[in-house]
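**Q** If you want the building blocks of each chain, they are given just below.
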Amino acid sequence: MNALAAGFANPPQESARAFRAAMQAMACPGTIQNITGPEVPGLSPAAALLLLTLTDGTTPVLLTGDAAQSQDWLTFHTGAPKAGSAAEAAFAVGRWDDLGPLNPYPVGTPDYPDRSATLIVEMAEISGDGPRLTGPGIETEVQMSLPDADALRLNAALYPLGVDLFLTCGSRLAALPRSTRIAEDG
Amino acid sequence: MSDYNFAYLDEPTKKMIRRAILKGLAVPGYQVPFASREMPMPYGWGTGGVQVTAACLTPEDTLKVIDQGSDDTTNAVSIRSFFAKVAGVATTTRTAEASVIQTRHRIPETPLRSDQVLVYQVPIPEPLRFLEPRETETRRMHALEEYGLMHVKLYEDIARHGAIATSYAYPALVNGRHVFDPSPIPRFDNPRLESPAIQLFGAGREQRIYALPPFTSVQSLDFDDHPFEASKADGACALCGATHTYLDEIVADDQGTRRFQCSDTDYCMERRA
Ligand SMILES: [Zn+2]
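Protein sequence lines, in the order shown, are assigned to chains G and E.
By this note's numbering, the letter at position 184 of the first sequence is numbered 184, and the numbering carries on one by one without gaps.
By this note's numbering, the letter at position 69 of the second sequence is numbered 69, and the numbering carries on one by one without gaps.
Simulated from the structure, these hints should not be mistaken for lab results.
Among the hints, a few may not be true.
A short, non-exhaustive set of chain E residues, derived as facing chain G with CB atoms under 7 Å [what the hints assert, rightly or not]: (1) GLU11; (2) TYR147; (3) PRO191; (4) PRO213; (5) MET269; (6) ARG272; (7) ALA273.
Okay, the calculated beta carbon distance ranges per label pair [said to hold, decoys possible]: (8) ARG153/G / ASP234/E: 33 to 39 Å; (9) PRO110/G / VAL152/E: 41 to 47 Å; (10) HIS161/E / ALA87/G: 49 to 55 Å; (11) GLN143/G / LEU239/E: 32 to 38 Å.
Quick caveat: nothing in here was measured; it's all calculated off a predicted structure.
C-beta atoms are modelled at their ideal positions from N, C-alpha and C, and glycine is treated no differently.
Kindly generate the complete structure, drawing on both the sequences and the hints.
**A** Shown next as structure tokens:
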């Protein structure tokens, strides 16, 4: 039943719009995109839309916590293999606590920093109430709620290595690439 | 229309390119490898840029394509009509009306906005290639921030010519970390690489994608005693009188009379309208 939950009715057009929202989010940390995604058990519409748009048979996906309910749906619609562990994941989805510590996720290699995991973090809310952020995509500075500023500061310190985050909440989408610098105060 | 997938490329290929674009945005200036596809046009026509544009276009977009500042070259017209056909998108020659602009060798004179995407066609993405032909070695050099040889080369220019001779594809340091090649734009355009728009770079033959998120720091390489200068021809446009734009020198008649005109034809026409 879960496998038959909605995918894209018109994949090329819908995935194109979804990607543009994802690209805008990743290019402009701290901005929030509103997108329309499918209703899939265990996933927010935003997280489901990202998975449909970005994953395929070449991208192992780790579904943690409630998100694991969507395993059959994901396999049916994208063919993405199930990652056996965080270390194997190209994408990982779930609440911050379910995703576990960042250390095991791939951060890329010095020669290929792009070979790093993308985490889709399901948030209770996304707001401008959080630490001050600076870096590429941010004109001066911006504030955004983050799941764990200390852990993400350590991730940013690995630059140009590191994982990249999408933050999802219902149909809302934001991103925190490894390039974003997170202020210590607030 | 039904003979094609939307925007020509199949969905698995677009997913692969889209993932490369996102990683490129996360590490500005770093060249992400991707598996370039055959496109129904020769490499010299910017198949890397075409693939990036195909992966970005939505049905609602309005596309502009320029070649050395002009909307009217065979290359620009062909790419524009290609996407009008395979993606059904609206097209324009007006910079202000475009949501996606594919370019070869110029940044439009009209300041770009945060709701615009600029896609560059890149022939040679590796700024260190002329120093080191081996890909494994240039990759190492980027990993270790070994950019000393690059500075030596530029300084040799100064020693020989009294100034840095590189006038196109002038290398710059992105986000304080990666030296990158901005494609063969004139160095006049380098200061405008720091832009509110998203900038994406696609190299088809070399199979690389890289990116600049809005407002990313882009420092053209220079020296304390020889700071970077965004040079251009010293003259005025014969059509609109502009002295602040990048000018092409053209032969105006059979007598070989030379004159300048704006390389950005849309901008020049706007000024005369
Ligand atoms: Zn003019």
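**Q** Report the numbers of all earlier hints that the structure fails to satisfy, in ascending order.
**A** 2, 3, 5, 6, 7, 8, 9 and 11
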